[in-house]
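Since the structure of chain A is already known, use the hints to place chains B, C, D, E, F, G, H, I and J on it.
Protein chains: 10
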Amino acid sequence: MPDTTLLEVFPAPACDGGPIVIEHVSDEFTSLCPKTGHPDFGSVTLRYQPAPGGVCVELKSLKLYYQSFRSEGIFYEAVTSTIRDHLVELMKPTWLQIITDWKGRGGIRSLIRAEHGEVPPEWRGR
Amino acid sequence: MPDTTLLEVFPAPACDGGPIVIEHVSDEFTSLCPKTGHPDFGSVTLRYQPAPGGVCVELKSLKLYYQSFRSEGIFYEAVTSTIRDHLVELMKPTWLQIITDWKGRGGIRSLIRAEHGEVPPEWRGR
Amino acid sequence: MPDTTLLEVFPAPACDGGPIVIEHVSDEFTSLCPKTGHPDFGSVTLRYQPAPGGVCVELKSLKLYYQSFRSEGIFYEAVTSTIRDHLVELMKPTWLQIITDWKGRGGIRSLIRAEHGEVPPEWRGR
Amino acid sequence: MPDTTLLEVFPAPACDGGPIVIEHVSDEFTSLCPKTGHPDFGSVTLRYQPAPGGVCVELKSLKLYYQSFRSEGIFYEAVTSTIRDHLVELMKPTWLQIITDWKGRGGIRSLIRAEHGEVPPEWRGR
Amino acid sequence: MPDTTLLEVFPAPACDGGPIVIEHVSDEFTSLCPKTGHPDFGSVTLRYQPAPGGVCVELKSLKLYYQSFRSEGIFYEAVTSTIRDHLVELMKPTWLQIITDWKGRGGIRSLIRAEHGEVPPEWRGR
Amino acid sequence: MPDTTLLEVFPAPACDGGPIVIEHVSDEFTSLCPKTGHPDFGSVTLRYQPAPGGVCVELKSLKLYYQSFRSEGIFYEAVTSTIRDHLVELMKPTWLQIITDWKGRGGIRSLIRAEHGEVPPEWRGR
Amino acid sequence: MPDTTLLEVFPAPACDGGPIVIEHVSDEFTSLCPKTGHPDFGSVTLRYQPAPGGVCVELKSLKLYYQSFRSEGIFYEAVTSTIRDHLVELMKPTWLQIITDWKGRGGIRSLIRAEHGEVPPEWRGR
Amino acid sequence: MPDTTLLEVFPAPACDGGPIVIEHVSDEFTSLCPKTGHPDFGSVTLRYQPAPGGVCVELKSLKLYYQSFRSEGIFYEAVTSTIRDHLVELMKPTWLQIITDWKGRGGIRSLIRAEHGEVPPEWRGR
Amino acid sequence: MPDTTLLEVFPAPACDGGPIVIEHVSDEFTSLCPKTGHPDFGSVTLRYQPAPGGVCVELKSLKLYYQSFRSEGIFYEAVTSTIRDHLVELMKPTWLQIITDWKGRGGIRSLIRAEHGEVPPEWRGR
Amino acid sequence: MPDTTLLEVFPAPACDGGPIVIEHVSDEFTSLCPKTGHPDFGSVTLRYQPAPGGVCVELKSLKLYYQSFRSEGIFYEAVTSTIRDHLVELMKPTWLQIITDWKGRGGIRSLIRAEHGEVPPEWRGR
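Chains as they are written, first to last, in our numbering: chain A, 1 to 126; chain B, 1001 to 1126; chain C, 2001 to 2126; chain D, 3001 to 3126; chain E, 4001 to 4126; chain F, 5001 to 5126; chain G, 6001 to 6126; chain H, 7001 to 7126; chain I, 8001 to 8126; chain J, 9001 to 9126.
Isolated chain A, as found in the complex (with noise of 0.2 Å):
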């Protein structure tokens, strides 16, 4: 089950010099699929702007987390919306955006993006 409990933070450095954003691509993600029980492979990008005085996600932290999603059943949309979510509550970011891309099943490729928060637009639509 996705496990929020194995994830880290530590303080983002000061922003006094401008703004950060970080980016994380795991290329290798694998859940479930709820209907079929087959295994989903697939990458996920995270990017986000630490809020001021806020936190990051610890590297290896975020990669267990991720793991944790490996015998768990759930639809593209729903890993999607759910590393948003908890990513979103870990750190409070400014802005945080999520996309999934997964290989193809059927001959069809997907990707999924999340957002939170005001997205600056040179961010969006990637």
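If you're looking for bench data, these hints aren't it; they were derived computationally from the structure.
Virtual Cβ for every residue (Gly too), placed ideally from N, Cα, C.
Careful: at least some of the hints might be erroneous.
Derived EDC-like pairs (lysine to aspartate or glutamate); straight-line CA-CA distance at most 16 Å [said to hold, decoys possible]:
#1 G/Lys6103 <-> I/Asp8027
#2 C/Lys2060 <-> B/Glu1077
#3 D/Lys3103 <-> E/Glu4023
#4 E/Lys4035 <-> A/Glu58
#5 B/Lys1063 <-> B/Glu1023
#6 D/Lys3035 <-> E/Glu4008
#7 B/Lys1035 <-> C/Glu2008
#8 B/Lys1103 <-> F/Asp5027
#9 D/Lys3103 <-> E/Asp4027
#10 D/Lys3060 <-> D/Asp3003
#11 H/Lys7103 <-> C/Asp2027
#12 B/Lys1103 <-> C/Asp2027
#13 E/Lys4103 <-> A/Asp27
#14 J/Lys9103 <-> H/Asp7027
#15 G/Lys6035 <-> G/Glu6077
#16 E/Lys4060 <-> D/Glu3077
#17 I/Lys8103 <-> J/Glu9023
#18 C/Lys2060 <-> C/Asp2027
#19 G/Lys6103 <-> G/Asp6027
#20 C/Lys2103 <-> H/Asp7027
#21 A/Lys60 <-> E/Glu4077
#22 J/Lys9035 <-> H/Glu7008
#23 I/Lys8103 <-> E/Asp4027
Reference excerpt, derived from the structure (chain A facing chain B, CB under 7 Å, subset only) [to be verified]:
#24 Glu77
#25 Ala78
#26 Gly106
#27 Ile108
#28 Arg109
#29 Arg113
#30 Ala114
#31 Glu115
#32 Arg124
#33 Gly125
Chain B is nowhere near these chain H residues, computed Cβ spacing over 10 Å in every case [said to hold, decoys possible]:
#34 Pro7002
#35 Asp7003
#36 Leu7032
#37 Gly7053
#38 Ser7061
#39 Glu7118
Just chains B, C, D, E, F, G, H, I and J, lined up with the frame of chain A:
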């Protein structure tokens, strides 16, 4: 014949956390040229934002719907606007795009793009 | 000589559902350099939005029209604006772009872009 | 020495039909590092919109002009602004961009961009 | 230790002709993970517009400065904001961006972006 | 049904000057899965050396022959050996290869290779 | 646990016309590291020539067999030789290769190749 | 009409130091389909080893010779063997290959390879 | 200093089923130039066949061994032959190859290849 | 003028452990066309096996030697055989290859390959 009875929907994930954009890319679309009867081959990209409290098209049903064009004599432009119209009627999404990308005929590749609703600027021109 | 009598049109699909953008890319364009008589090779991209109740250029007739430049001595810039002017006169579209992309001469590749009408920002600079 | 007498122009095509944007990319530019005397290699992209009733630079003369930097000791930044200034003076275009893209030195690749006039947003940041 | 005394500047070319944007991409950056002591590898992109009458960082001095991180235990985020702060202090540019792109750790690639000043929209989100 | 009556030949060019090897690659092959009825998509590569004084398959007739598999329920392996057998019977070439390359099913891509005659070592294992 | 009871076969096509070589590439293989318990991700390529009058592995059963490694703690080398041994026992092919290609761990990508029988020279070293 | 009088030669460099292999790749070849009159587009690769004390074809003359096919109605196979025969007669090389690679017609790309003399194994099958 | 005490081995899988070839590619190798002290960056490919009843190098220990070159002043050729000699002594494999691929210096990229034992022809020249 | 006095050597690593093959690829070679005086641009690949107890060419001296062709009017074939002869005389290697790869002139790219000694089959035809 394009068969809309094949299409199924499921409730979109709650969008309290912010909007979701969904994209399905099929590289295995084929129909027939209405003039020559020869097969046309292309890819079809569907991109949309479900309406609040709305629905999503189910992936396998979408594949079967696309397959129902296999013996249809139909122009590129009509494929594109027909799929757009069918899926808009089915899902009544906030916005929706259909992009068809056809393999070359006579040395000319073609892309046709149809839209519905207020497509945000970051998704236009893709 | 560029022969506009080769060009044929058909009625654009009804645009009640929203606008349609059409793109045809020919990788097999050739004309002659008017100074040296040597052949030039390039690709021609046509992108346009049919006027409401307007027409579309028929694909095979477009190919024949492009072939009519084969023995023409004409500069890159003139190829581009000539095709633009001919197709605008033919279709009277809402907007239209012609982009020619020429193989290198003397180590220099060239791209020429001509437009007509109010090309939406997402299509400019392509 | 950069030799502007090599540059020739010809009248831009009439722009009644709408503006034209012209781009020439040379992958074969070389000059000398003014500090070490070692050769630098790069590409030069020229992009501009001729003024109404204005002129275009002739392609072969542009090639010869670029070749006149071959024995010149000159910094990346100066190459870029020098070419910009010379071509602006020559053509007095509506707007113009020069982008130089240099092969790595000490593991660092460099791109320098110089502009003149009101470059439309779709061409900026390229 | 990151050593700013290595950095040298030279006067920016006169910007009467219009602004200049400079980009240096180093694919050979390495530092140490402060938790495990293992080496991290990545690329660093510096992009900036010199202030009018301002200065540019000298390329070889930039390379030596980057090399001074080789034995430093430092997080991705801190590398990025440290380089930003040092170069802003050095050059006081109109605007500046630092983008670090790190090779995968535990199957996750990371990109960190820091900015200073009013970065024009065409450079944001790169 | 695969229809060999569609196939036409023409005399191979005289091979006094040395052997000729001919390759035709079709990226637009489709048949049906005999178990599920779903369409399969792939490419078919034909490579052969005409017999001395022999014949070549005519290109357009080959295209029509491939199209005759469109409604056929047939396994990958049988497509490959059937085409091999039909073309060997038609042309009696010195040697011949058929390579079919199928889009993924269930996350698995497949390539099937069938040969006839003494395929020279440089063409084997392709 | 790797479950060979999932594997099914069907008769190979008659090879009177000459040998057939079959290749199946799965990009969606995952198992667990036996030391750390962390998931490993890779692709598995199976290449073989069925014995005369022999059998082929059925594609869907192969997929299910691969999925049975999902919760198995097993080294790269053992995955490779285990699959080789299981499929050799199942099909008794003329020859067979297994190539596993693993995503990076600690900055190191790995490929393991195992063979059975007299693999022809054109297939070795792939 | 293919015009061999355009071809010029120059003495091959002395081969005391060991053999030389020369390759010229033209991406700008066009001729006409003898059945339909439509233009064909392709690339032509010439690879050869000059005979000891022999000659090389001059590059510009080769370009003009290729251009002389521009208005010729001729099949792919005949283009290939004609060029082979003409250049063998011209240069009498130790060995020679001609490979023509044609843009798709009806969804089928074609490559034709003709050889003369004892082409070493490392150059065959290219 | 290159530290062979970091290297660990484990027993190779039984090779009754036929030989196994193992390849590890590290894209994160760095050492120092012995003349200038500047860092060098490259990739190291290890490919080998374990001796019957022999051993394999453990992946994490290999990574630590490679890291021990980080502060070593050593030429490309010596890196390559040193790693070859150390790993041959450690594993006494049937055969072994080391290929180092170095990022450009002064515009020149370098690859160095060292071998041990009877490398089969299919692996040579890689 | 090509200046062999620039070339320096150092002793090859002891080859008790087996042969070493060295490759240096320069993407920044330029000379002049002896007919037109225009610059030619290409890459030069040097590949060789040092003789037992022999020498290697020093990398920086090789770069300076290549730079000495900058103002030389010389044909592609002569560049290739001249470099071959100079480096063979300098190093007396077991075998050596020079491959020059030239940017297009008149739409034709050229590759010239010269060899010395018994080049093993795995390196021929590269």
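Go through the numbered hints given earlier and state which of them the structure violates, listing their numbers in rising order. none
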